[in-house]
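Chains as they are written, first to last, in the numbering used here: chain G, 160 to 491; chain V, 2 to 305.
Everything labelled a hint here was simulated from the structure, so no lab data went into it.
Quantities reported herein were computed from a predicted structural model and do not represent experimental measurements.
Please note that a few of the clues may not be correct.
[Unchecked claim] Cβ pair distances, simulated, as ranges:
(1) Ala315(G) to Leu155(V): 28 to 38 Å
(2) Asn407(G) to Tyr54(V): 24 to 34 Å
(3) Thr5(V) to Asp363(G): 50 to 60 Å
(4) Phe158(V) to Leu478(G): 41 to 51 Å
(5) Thr5(V) to Val278(G): 30 to 40 Å
(6) Leu324(G) to Ile83(V): 27 to 37 Å
(7) Leu76(V) to Leu478(G): 54 to 64 Å
(8) Asp448(G) to Asn130(V): 18 to 28 Å
(9) Ala315(G) to Trp176(V): 49 to 59 Å
(10) Val167(V) to Val192(G): 52 to 62 Å
(11) Ser337(G) to Asp275(V): 38 to 48 Å
(12) Leu324(G) to Ala67(V): 54 to 64 Å
(13) Leu95(V) to Thr446(G): 42 to 52 Å
[Said to hold, decoys possible] With the C-beta cut set under 8 Å, the calculated list includes, among others, these residues of chain G facing chain V:
(14) Pro247
(15) Val278
(16) Pro282
(17) Asp289
(18) Val294
(19) Glu300
(20) Ile301
(21) Ile415
(22) Glu451
(23) Ile455
(24) Leu459
(25) Leu466
[Said to hold, decoys possible] Sample of chain V residues at the chain G side, in silico, Cβ under 7 Å:
(26) Leu14
(27) Pro99
(28) Ser102
(29) Ala103
(30) Ile113
(31) Ile117
(32) Leu125
(33) Phe126
(34) Gly128
(35) Val244
(36) Ala279
(37) Gly287
(38) Val288
(39) Leu296
Even glycine gets a Cβ: it sits at the ideal position worked out from N, Cα and C.
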Amino acid sequence: MLMWLKRGAMAVVILGVFYGLGRALEDNVIEYVLRIVLFCGINSILAVGLNLINGTTGQFSIGHAGFMAVGAYTTAYTVMHLSEALFPGQAELALGQTALVFVPALVLGAVAAAFAGWVVGVPSLRLRGDYLAIVTLGFGEIIRLIYNNSSRFGGATGYSGGRPLGLPIYTNFFWVASVGLLVVVLIGNLTYSSYGRALEAIRDDEIAAEAAGIPTTKLKVLAFVVSAATAGIAGGLFAHLQSTIQPNDFKFDKSIDMVVMIIVGGLGSVSGAVLGAFFVGITLELTRDLSEYRLISYALLLILLMLFRPEGMLGTRELRIPFVNRSKIGPA
Amino acid sequence: MMATFFQQLVNGLSIGSVYALIALGYTMVYGVLRLINFAHSEVFMMGAFSGYYSALMLGFDPAHPAEFGLLRAALVLAVSMIACALLGLLIERLAYRPLRSARRLTPLITAIGVSILLQNLGILFFGANPRPFPMIVPETRYEVGGVVLTNIKLLIFAVSAVLMVVLHWLVQKTWTGKAMRAVSVNLSAAKLMGINANKVIAFTFVVGSALAATGGILFGLDQAKIEPLMGVLVGLKAFVAAVLGGIGNTMGAAAGGLLIGVAEQMTAGYLSADYRDAITFAILIGVLLVRPEGLFGSSKIEKV
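Construct the complete structure from the given sequences, taking the supplied hints into account.
Structure below.
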């Protein structure tokens with residue numbers, strides 16, 4: 160009881176710090192820089208989630224942009240309808256009101272993405288290696304094409320909530336930092352729990368894991384569903400950072416970007432995924448001035464990094480993550 | 002009604018042959034290296050552009066395409082095949098060979114890197130806008146029972162069929178082909194048998210890239226325009242074709258390419274062009290769920 164009180168107080172303090180920090184940043188830092196930080200934060204959520212299935216469990220998915228799309232569209236759709244139902248006719252919402260609309264919408268986006276992950280995962284996870292990869296790619300593209308052809312969500316022109324102003328811009332430092340920390344702590348603790356050890360066993364040798372009594376199919380689906388849910392949350396945050404979301408925001412390249420982040424950071428490392436997400440985000444931004452040489456230099460950097468540091472920045476090592484106790488179950 | 006069906010069939014088979022030619026490159030590289038060579042779709046694009054430039058250099062005049070002559074058209078094809086073979090060699094040497102002993106995912110990232118690099122070099126040098134492809138073989142149209150056939154489509158079938166037969170002979174009947182098959186079964190055992198694995202792998206890239214170059218030129222002739230990002234979707238579909246046929250299996254890749262070509266044209270003709278790309282993936286998922294090793298792939302028994 161006392162422990163929960165302490166934890167609750169801790170959470171309130173952290174949220175307060177994030178809120179204050181966000182206000183301070185918004186007042187003092189150029190909007191452009193802040194936007195990059197927000198994008199990097201959202202990328203981190205994507206990367207940490209994808210790392211759970213690709214890095215920890217070793218089941219290669221290159222279709223996570225599809226789950227991100229499900230989360231983005233569901234969150235945006237829920238926000239538009241919920242804010243109309245709770246606060247009709249009100250253009251601007253106060254922080255408390257925003258939370259009342261945004262939190263359930265994000266949760267619903269995560270649930271929808273998790274459901275999509277379950278639908279995709281149950282049949283596909285029977286496949287291994289590259290076959291699994293290509294099937295997830297296929298499902299990701301199909302999800303995108305469904306949104307592309309649905310009139311409810313605006314088809315190829317995208318969804319802007321059915322109003323000229325577009326989607327409300329809720330996503331700011333406070334939301335990205337709070338949700339990001341929550342995701343990192345949850346996934347970090349999952350990775351370094353007995354479940355995580357079982358997932359690593361599946362990665363290292365599926366047959367041996369099965370022989371040791373690990374329910375491999377069940378755990379693979381679990382990891383896939385959790386991973387899809389985090390992609391959905393990231394999608395929801397992403398949607399409310401722009402005024403419109405389009406099916407083309409969730410193309411196959413987006414899934415590839417996520418894979419690049421986790422491999423550059425160090426496959427299997429939670430902190431590596433965050434580092435990789437920031438590395439990719441910042442590199443792409445810093446090279447923006449090079450205009451047509453931008454992606455050329457990005458590609459060269461990627462190739463050189465892999466040639467000279469094939470294990471990624473951190474390898475499988477882990478930086479200290481707040482609120483994640485890795486010592487509970489002994490050394491790896 | 003039947004005419005529509007046959008028209009879509011002809012269109013599907015011709016685009017499918019192009020997919021098949023590219024799929025062969027994916028499947029052969031996968032066979033020897035267990036690597037999805039993402040850069041292959043950009044080799045295909047470079048093939049189309051080297052065809053474009055060599056045709057212009059050989060004096061192609063858009064006003065009088067008939068004067069170009071078949072000999073020079075064949076020369077364009079040869080130049081493009083050689084250029085892409087060299088490009089394939091270069092990619093293998095610089096981006097994949099140093100990572101031969103690294104984890105499998107690492108070369109995948111360099112492959113993606115090379116792919117992004119070539120796309121953007123293409124945009125830089127060729128410009129992002131589509132260009133009309135020189136019709137080095139002037140188009141003649143025939144009508145058979147309401148179905149429009151062109152000599153280009155017939156040429157695509159003929160060239161693809163010949164190349165596939167040659168490839169089949171190469172893989173099944175020659176010493177090099179035997180070495181390729183040996184490397185794909187077991188790399189280290191093949192090395193122990195005195196096979197120079199590096200040479201065999203390099204040769205695989207040469208052959209695959211030359212086929213992709215042919216695919217690029219045939220695609221250019223069929224679609225009449227080319228652009229630096231043309232490889233993305235075509236390459237993806239060709240890769241799906243390779244997986245569909247059972248990756249590592251050359252005949253499967255050819256069959257998969259034709260199947261996908263026909264399926265997408267039929268979808269475009271009878272359902273809606275919007276779902277043309279979705280059908281490719283729907284078929285893939287359906288097939289893999291029933292036969293995880295692909296249509297013609299052989300399943301491996303797992304041993305502990």
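Original post:
Going through the earlier hints one by one, which of them does the structure break, listed in rising order?
Top reply: As far as the earlier hints go, 4, 6, 13, 14, 15, 26, 28, 33, 34, 37, 38, 39 are violated by this structure, in ascending order.
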